[in-house]
Every structure is written in structure tokens, then in C-alpha cells.
Amino acid sequence: MNSGSKLTRFFKRFYLALILIFLYIPIIVLIIQSFNAGKSRAKWEGFSLHWYGELFRSASIMNSLEVTLLVAVLAMIVSTVLGTLAAIGIYSMKKRPQSLMMTLTNLPNTMPDIVTGISLMLLFIFTRVDRGFWTMLLAHITFDTPYVILSVMPKLKQMNKHTYEAALDLGATPSYALWHVLIPECKQGIITGAMLAFTLSLDDFTISYFTTSPLVQNLSTLIYSAARRGIEPTLNALSALMFVALLALLLVVNKRTSEN
Amino acid sequence: MVDNEHLIDLRHICKEYDGVTVLDDINLYIRKREFVTLLGPSGCGKTTTLRIIGGFETPTSGELYFEGKEISSVPPYKRRVNTVFQKYALFPHLNVHDNIAFGLKLKKMPKAEIDKRVDAMLDLVNLRGYGKRKVDALSGGQQQRVAIARSLVNEPEVLLLDEPLGALDLKLRKEMQLELKSMQQRLGITFLYVTHDQEEALTMSDTIVVMRDGHILQIGDPKHIYDEPANAFVADFIGESNILRGTMVHDELVSFAGHEFPCVDFGFGSSVPVDVVIRPEDIMLVGEDVGQITGIIQSVLFKGVHYEMMIDCGDFTFKVHSTTMQPQGSRVGLSIVPFNIHIMKPMELPAEEAKADAV
Chain A
1 MNSGSKLTRF FKRFYLALIL IFLYIPIIVL IIQSFNAGKS RAKWEGFSLH
51 WYGELFRSAS IMNSLEVTLL VAVLAMIVST VLGTLAAIGI YSMKKRPQSL
101 MMTLTNLPNT MPDIVTGISL MLLFIFTRVD RGFWTMLLAH ITFDTPYVIL
151 SVMPKLKQMN KHTYEAALDL GATPSYALWH VLIPECKQGI ITGAMLAFTL
201 SLDDFTISYF TTSPLVQNLS TLIYSAARRG IEPTLNALSA LMFVALLALL
251 LVVNKRTSEN
Chain B
1 MVDNEHLIDL RHICKEYDGV TVLDDINLYI RKREFVTLLG PSGCGKTTTL
51 RIIGGFETPT SGELYFEGKE ISSVPPYKRR VNTVFQKYAL FPHLNVHDNI
101 AFGLKLKKMP KAEIDKRVDA MLDLVNLRGY GKRKVDALSG GQQQRVAIAR
151 SLVNEPEVLL LDEPLGALDL KLRKEMQLEL KSMQQRLGIT FLYVTHDQEE
201 ALTMSDTIVV MRDGHILQIG DPKHIYDEPA NAFVADFIGE SNILRGTMVH
251 DELVSFAGHE FPCVDFGFGS SVPVDVVIRP EDIMLVGEDV GQITGIIQSV
301 LFKGVHYEMM IDCGDFTFKV HSTTMQPQGS RVGLSIVPFN IHIMKPMELP
351 AEEAKADAV
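Sequence order for the protein chains is A and B.
Anchor point for the first sequence: position 17 equals 17 in our numbering, and the numbering is continuous, going up by one each time.
Anchor point for the second sequence: position 287 equals 287 in our numbering, and the numbering is continuous, going up by one each time.
Careful, some of the hints might be misleading.
Straight-line alpha carbon distances no greater than 27 angstroms define the calculated BS3-like cross-link-like pairs of lysine-lysine that follow [unchecked claim]:
(1) K319/B - K161/A
(2) K187/A - K111/B
(3) K161/A - K223/B
(4) K187/A - K134/B
(5) K108/B - K187/A
(6) K161/A - K134/B
(7) K157/A - K108/B
(8) K161/A - K87/B
(9) K161/A - K132/B
(10) K94/A - K32/B
(11) K157/A - K111/B
(12) K132/B - K187/A
(13) K303/B - K345/B
(14) K161/A - K78/B
(15) K134/B - K174/B
Ranges of calculated distance between the beta carbons of each label pair, as one might list FRET restraints [stated by the list, open to error]:
(16) R80/B - D113/A: 16 to 22 angstroms
(17) E228/B - S92/A: 22 to 28 angstroms
(18) F243/A - N126/B: 30 to 36 angstroms
(19) L249/A - V74/B: 54 to 60 angstroms
Please keep in mind that the hints were generated in silico from the structure rather than gathered at the bench.
Note that CB positions come from ideal geometry on N, CA and C, so glycine has one too.
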């Protein structure tokens, strides 16, 4: 191997390292800061779990953590059920309506969150629904469902097209065939979709911001309004915890997708 | 072996998809313990016919009787028929045992009884000891056997098979043909079999139903269909044939390829156009001076059991199968015994086809 290709290789790695450094340095700084005993961001005053303690004592943060988790879990459950049934429905459609429905499913994913957020806000204002917990939940179900459909659909398409008929042929009623054949067949896709929905719901800011009231806040909207008053070090601790939790979830999701 | 009682009766069955007719007035009956094959090229409506009997399609019009009862709107899970699907459609999330037990579990059979019957089925299809395997881990032939066992364990009155051997290689297919046939005879179950492979149909069937473009062209036992094809299409589809335009001079004398041949057919009238079908193995190669007509060997192909020779007789090039070879370019005499000349009315082409041919 000549020196030229060695040099190329070096630059390739250097470039990659730069990208990763710029991506992760802020997060690493944030995590380090969360263990800083002092309040100053400029000075390291010793290692401490003080801000983690403060975090769990803060009523507003704990309250919004509860809202975030509750919304994420409920949105995950509802969108998984809706998305799975929708995928099965779309799968059994004829070719043309099926491709139309899949385009409609892909559309919200390509649309900027701000458009989804504002249009949902307008919808709630137009229908005179007071914004709060339930409107935020509805919004999250809305943007989660297409992702579930998109995770379940490939599993259905991989199946032999006569699998459902084979179940009926052996004496299964349509509902038995649904529960004992179709759903087990695409179980992997359903679980991946559910985890994706949970993750997306957990870290959403834009859509939540437009669809809730200042009285009901999830973590991201709380951090946003707190940041305007200046960052409390408790938020460093909170962000560090959220980062770790989401990272863990994403790793699991990625592992599952690569296994399939 | 075959009872006379009609088990299934199709009467005037028609099926349309978005205004396109795929089945046009199908009338057919299937007797108990009969092995019936629906044979035809792809798109002829054979699979649709099978799916109507299985309950996966509803006929646009017409009646379907099962043991004398009209069942065209009965859902598949209430019919006493089972289907072996194309490419098997096994349940990948279940192992071999649970795949076969699927239908029995639905009947709320006790577990011990289910296990006993599943094991008996595994024996029947030569897969003893495979119960715990995943179906994905099996070969194509083994998956095929599981699919057959999964259907047969329910003791159906009729087993519907939709090109079940299509995905297997030639040698395995031949073995499975014999196995299926012997299984059918041992168990005394009615088989309705769909295939486009004429050889498969001839090997296995009691009755062959030749279909084309949503119509039934001919129903008969394999020998009858082969020896007495109803028209030139059937003759061409079942085995190889020389099909010529000819003229019926009068009873028992037909003219084709510029010569008059004695034959055994009568009742067509005098000087009427007819289709003449002669099987390649029914033409005898004789000395140039004793043949009814003479020709020049154009090409010789070795086909394993026989040689296939194309012989140019001026008006027509005959395909001849013979175990003895004549060198290319030599002049030979052709002789056909009257019994082997099949005369049929010229085939009337359906309207669409006549158009298609004109293009």
C-alpha cells in the first residue's frame, strides 16, 4: 500500500472524527456540567450529584416528567393499535387505493413538524377544544401512527399472500386468523413500531409546543420556557438523563431493525 | 374406486373482475374419491375455479353445490374442503407440529388426540421426528409435505391443490406426483388439482378438465383426452401434435397435405373443411416407395427416448417421433394408419382471440 492511500485514509478518519466530535461534544459538556457542584458554567467546583437531587425535588419538573411519560405511553399504545390495524387494512386493499394510502402515510413524515404543529393547533382552535393534556395526546397519536404503519407494513408484505386464507381454510374465523396468524406474523414490526412511537413522543418539542397549554407542559416545552429565564443546572441533569434513556431505546430499536 | 355420487357440482358459474370475464358458464361435477385435474395455460381460470370451491372468491353468478347444498356464500372456515396453496403458505411463527395442529386446535380437540394425529400425519408424509423444526428451516419439498399434512389432518371431503409442485425441481416433482396419487388412493379423499403441466395431469388424474380463457374445452379421462382431443387447442396443449387444415372428402376419407388418407371418422359431410390432428409418434417412417406421402428430413433432434425429426412434405412440415434415426437430408416415406388420424371440426375462436390473432 502506498503513502498516498494512507494519507487518504487518514483524512477520511480525521473527517469522521471531526463530525463525531462536533456532534457529541456539546452533549458530553452538558453531561459533565450536570455533575458540577457549583452553579457556574465557567468554573468546575467539584463532582456532585446535587443537581440530580434538586431535579427530583422540583415539583414542576417531576410534574412535566409525569406528563411526558404518560403521553408517550398512551400515545404509544393507541398509535400501535391504530397503526397495526391500519396496516392490515391497507395491506388488504387493492393496488391503487393501497398506494394512495401509503402516500398519505408517508406525507406526515416528510412534512416539517412545525406545519403539523400549527395545523393541529388551528384545528383545535377551530373546533373550540381547549388545549391541554388531551390535545397534546391526540397530536402525539397523530404523528406516531404513520411510523407504526411503516414498521408493520413490510412484515405483512414479506408474508406469503395466502397466509390469511390458509388460516381461514383450516377453520379459523377472521378474528381468530387476525389474532393467531396475522398479528404473530408481524409481531416484530409491531414492537419496533411501538418503540419508535414511544421515542418520538418522548423527544417531541415542536408539535407539543403548539398543541398544549402553558399549564400542562411536557419536559421539552418546560425546558424551552425555563431556558428563556436562564438555564438552571437542574436542566443539565434532566437533559443528561433524557439523553441516556433515549440512547438506550434507540440502540434497542436499531438492533431490532438490523436483526430483521 | 370412484363413486358415482356427485360431491361437488358447479352450475353455470361465471366470475367477473372489474367487468372482465374470467370464468364463463362453467359446468362441472366432481365425484367422491375422484382425482380431478383442472388443466390449462395461465390465465385460463383454473385457479379462480379452485378458489371459488375453497370459498376465497364468490362467483358473480351461478351455483355451487356441495353434497346437494348450495354453498357459494358459505365462508371458507365453514366448508369441508382444505387447500394446499401455491408456495405452501405455512405459518412461519409456528413449528412443524403446530402448523399441522392448527386446524385440530380450532376444533377444540384434546391435546393428546392432537399429538397422536399430528404424529400419524408426519408418518404419512415421511417427516417423522420433524415436529419441533421451524418451517423456514425445511427444504421446499419438506415444506410441501407439511402443507399437505396440515390440510389432510383435518380429514377434508375434498383436498384442493393449487399447483402444489410448481416450486419443486423435476425429479422431486415426479416423486411427489406418485406419492400424492398413492396417498389419494389410500385415504380415499377427493382431490381437485390445478396445474398447467399436461404431463402431471396425465400421470395423476382420473379426470382431466381442459380449460382456456374461462371456458371448459373438454372433460375426460387422460387416455380419452390424449387420444380423442376435442379440438386442435386441446390436441396441441396435451402432448405434441401435427395440426393441419384438411378437407373431409366423404366419410372415412380425408384430404390433407396434398394427399387423400383413409380414416375412421364419419358424419362430417362431404367436402367440408376440418382440422386434422396426428400425434408425432403415430407417423411411421417407411421406404420412399411405400409411403403414402414422401418428404425430406430437415432436422433431427435427439430427445432421450426418441428422435424428433422435422420432415418437409411440400405442403406441410410434419413433426415425427421415432426411436430410429434417419439422416438429415434423406428422402423418406410417411405412413399413417387410419385409426391414428383424428378429425375434428375447425376450432371456432372466441371473439377476442380472433381479434388478437388479426393484429
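Here's how the hints hold up against the structure:
1. Among the hinted pairs, K319/B with K161/A is inconsistent with the structure: their alpha-carbon atoms are about 42 angstroms apart, more than 27 angstroms.
2. Distance check on the hinted pair: K187/A and K111/B sit about 26 angstroms apart at the alpha-carbon level, within 27 angstroms; holds.
3. In summary, the hint linking K161/A to K223/B is not supported, as the alpha carbons are separated by about 36 angstroms, beyond the 27 angstroms threshold.
4. At most 27 angstroms may separate the alpha-carbon atoms for a hinted pair to count; K187/A and K134/B meet this at roughly 17 angstroms.
5. Proximity of K108/B to K187/A is assessed by CA-CA distance (about 25 angstroms); at most 27 angstroms being required, the pair is judged to hold.
6. Taken as a hint, the K161/A and K134/B pair is honoured in the structure, with Cα atoms around 20 angstroms apart against an allowance of 27 angstroms.
7. Between the alpha carbons of K157/A and K108/B the distance comes to roughly 31 angstroms, so the proposed pair goes past 27 angstroms and is violated.
8. Taking the CA atoms of K161/A and K87/B, the gap is about 10 angstroms. The hint holds against a cut of 27 angstroms.
9. Using a Cα cut-off of 27 angstroms, the hinted pair K161/A and K132/B holds, with the two alpha carbons roughly 25 angstroms apart.
10. For the suggested pair K94/A and K32/B, the alpha carbons sit about 37 angstroms apart, so the restraint of at most 27 angstroms is broken.
11. Straight-line distance between C-alpha atoms of K157/A and K111/B comes to about 33 angstroms, which puts the hinted pair past the 27 angstroms bound.
12. Using a Cα cut-off of 27 angstroms, the hinted pair K132/B and K187/A holds, with the two alpha carbons roughly 21 angstroms apart.
13. About 32 angstroms separates the Cα atoms of K303/B and K345/B, which puts this hinted pair outside 27 angstroms; it is violated.
14. Note on K161/A and K78/B: the hinted pairing holds, with a Cα-Cα distance of about 21 angstroms set against a maximum of 27 angstroms.
15. Taken as a hint, the K134/B and K174/B pair is honoured in the structure, with Cα atoms around 26 angstroms apart against an allowance of 27 angstroms.
16. A hinted range of 16 to 22 angstroms is violated for the C-beta pair R80/B and D113/A, which are about 56 angstroms apart.
17. Hint check: E228/B to S92/A, Cβ distance near 45 angstroms, so the stated range 22 to 28 angstroms is violated.
18. Our hint of 30 to 36 angstroms for F243/A and N126/B is violated, since their Cβ atoms are close to 58 angstroms apart.
19. Range check, L249/A to V74/B: Cβ separation about 48 angstroms, and the 54 to 60 angstroms hint is violated.
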